[in-house]
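Just need the whole structure built from these sequences, with the hints factored in.
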Amino acid sequence: MSYFLHESLDITAHNEEVRKVMSAFHAGKPYRVPMQIYGSITNFLLNSELNRYRWSFKDYFENPEIQVRAQLEYAKWQRFNIVCDKEMGLPEEGWSLAVDFQNSYDAGWMGCPIRYFEDGVPDTIPIFEDRKEKLYEMPECLDPENGLLSRAYVFYDYMHDACKKLEFEGRPVHAPARLLGEYTDGPLDLAYKLRGAQNLLLDMLTDESYYHDLMKYITDNLIYRMKRLRELRWERHPNSTDKDIYKESSFVFADDALALISLEQYKEFVYPYHKRIFDEFSGSNEVLMHLCGDATRHFKYLRDNFHITIFDTGFPVDHGWLREELGPEIMIYGGPTVMLLKDGTAHEITDEVARICRSGIMTGGKFIMMAANNMAPCTPVENVRTMYEAVKKYGVYSFS
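For the sequence shown, my numbering gives the first residue as 55, with consecutive numbering after it.
No wet-lab data here; the hints were simulated from the structure. Hints may contain errors.
[To be verified] Here are the simulated DSS-like cross-link-like pairs (lysine-lysine), alpha carbons at most 25 Å apart as the crow flies: (1) 354 to 301; (2) 270 to 186; (3) 270 to 321; (4) 270 to 281; (5) 83 to 447; (6) 281 to 329; (7) 301 to 329; (8) 396 to 140; (9) 130 to 140; (10) 270 to 188; (11) 130 to 74; (12) 396 to 130; (13) 329 to 354; (14) 130 to 219; (15) 140 to 112; (16) 329 to 297; (17) 218 to 329; (18) 219 to 321; (19) 140 to 446; (20) 130 to 186; (21) 447 to 74; (22) 329 to 83; (23) 301 to 281; (24) 112 to 83; (25) 329 to 396; (26) 297 to 281; (27) 270 to 301; (28) 396 to 321; (29) 321 to 354; (30) 354 to 74; (31) 329 to 270; (32) 83 to 140; (33) 354 to 140.
As the structure is a computational prediction, the values presented were derived from the model and not from experiment.
See below:
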């Protein structure tokens with residue numbers, strides 16, 4: 055098993071098939087399930103065969119030049135080695151960059167120190183874990199460029215300056231379209247990164263006053279930050295197509311901490327804060343909700359209250375039950391677990407793809423197969439190819 059595609063692939067023919075598959079899917083007339091693979095920069099940095107420069111996450115978080123080079127190297131590897139329903143080969147329109155501090159940017163903005171690991175993704179240290187009263191010492195209105203986001207602005211400017219003359223593999227490189235921090239990983243997710251998960255859940259049950267003070271503070275500041283960073287970007291780029299538009303026609307939201315609580319707890323303790331963010335930023339035309347972990351118990355309520363049209367799932371997921379729960383009109387991303395895709399045999403991967411396709415999830419034609427949820431580092435490309443071939447065999451729609 056390897057991390058490079060050795061068998062020959064007709065990239066032109068592949069890309070034409072991808073265009074047909076995705077066009078049919080978006081037209082509401084799919085003839086097979088599309089498969090798409092997503093994976094963060096961890097797949098590059100934590101794989102010594104790809105990361106020949108031995109860059110660490112500390113390098114990536116602290117040196118904008120390394121962040122640019124790592125993203126480009128990783129994008130090139132993906133486009134020549136990961137076979138799925140995405141365009142392969144050199145991108146005709148060029149490469150895209152983004153300021154990326156993984157899932158540390160919200161807590162890092164609040165002042166949580168970054169903790170680096172030798173063989174893992176960085177994390178943040180909860181600043182309210184040992185002394186919850188520190189909340190009341192925070193500034194009422196936190197500077198949108200506070201903490202880690204001050205560095206994000208430096209990276210953003212560096213990338214915009216570099217991309218004026220930067221090419222990679224003979225293609226232009228496009229600067230980030232957004233400032234990091236214009237979105238959020240969710241207020242509950244941020245709350246447990248500030249307090250620690252166990253402490254936060256105990257606050258919810260034994261100190262509701264403090265819990266709501268914390269959630270109100272977080273939500274107030276997230277809304278202010280998300281608006282102000284958009285305004286700062288518009289000031290720098292007055293021709294932005296979204297200028298002066300806060301409510302987005304395609305809104306993306308996440309809050310992975312929902313996996314920690316029941317639906318009844320969500321309704322009481324989290325929904326009011328989510329609603330404030332949705333009221334400010336969601337145009338309700340198309341809303342994608344990303345939720346890792348065991349969170350499907352929340353999906354129907356979220357669909358009904360926030361007009362969610364797309365769910366990006368993690369695991370575990372009962373795909374057949376979820377389709378029945380949400381109905382045929384909701385788009386669902388889901389598939390085999392990342393552990394199976396990384397370590398499973400070809401037979402195990404094929405059987406799991408077949409099982410999922412036969413579960414009822416394909417009803418309505420709004421299902422995209424993926425590794426649930428983020429391809430793991432050191433996943434053999436042969437396993438991805440096996441999954442793709444299984445999807446093409448078992449994900450075919452039959453119409454009478």
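Right, here's what the structure says about each hint:
no. : hint       : result
1   : 354 to 301 : 23 Å, holds
2   : 270 to 186 : 15 Å, holds
3   : 270 to 321 : 16 Å, holds
4   : 270 to 281 : 17 Å, holds
5   : 83 to 447  : 18 Å, holds
6   : 281 to 329 : 16 Å, holds
7   : 301 to 329 : 13 Å, holds
8   : 396 to 140 : 20 Å, holds
9   : 130 to 140 : 13 Å, holds
10  : 270 to 188 : 15 Å, holds
11  : 130 to 74  : 23 Å, holds
12  : 396 to 130 : 20 Å, holds
13  : 329 to 354 : 15 Å, holds
14  : 130 to 219 : 19 Å, holds
15  : 140 to 112 : 30 Å, violated
16  : 329 to 297 : 23 Å, holds
17  : 218 to 329 : 40 Å, violated
18  : 219 to 321 : 50 Å, violated
19  : 140 to 446 : 14 Å, holds
20  : 130 to 186 : 45 Å, violated
21  : 447 to 74  : 17 Å, holds
22  : 329 to 83  : 34 Å, violated
23  : 301 to 281 : 10 Å, holds
24  : 112 to 83  : 46 Å, violated
25  : 329 to 396 : 37 Å, violated
26  : 297 to 281 : 11 Å, holds
27  : 270 to 301 : 21 Å, holds
28  : 396 to 321 : 36 Å, violated
29  : 321 to 354 : 12 Å, holds
30  : 354 to 74  : 32 Å, violated
31  : 329 to 270 : 12 Å, holds
32  : 83 to 140  : 19 Å, holds
33  : 354 to 140 : 30 Å, violated
Violation of the numbered hints given earlier is confined to hints 15, 17, 18, 20, 22, 24, 25, 28, 30, 33; the remaining hints are satisfied by the structure.
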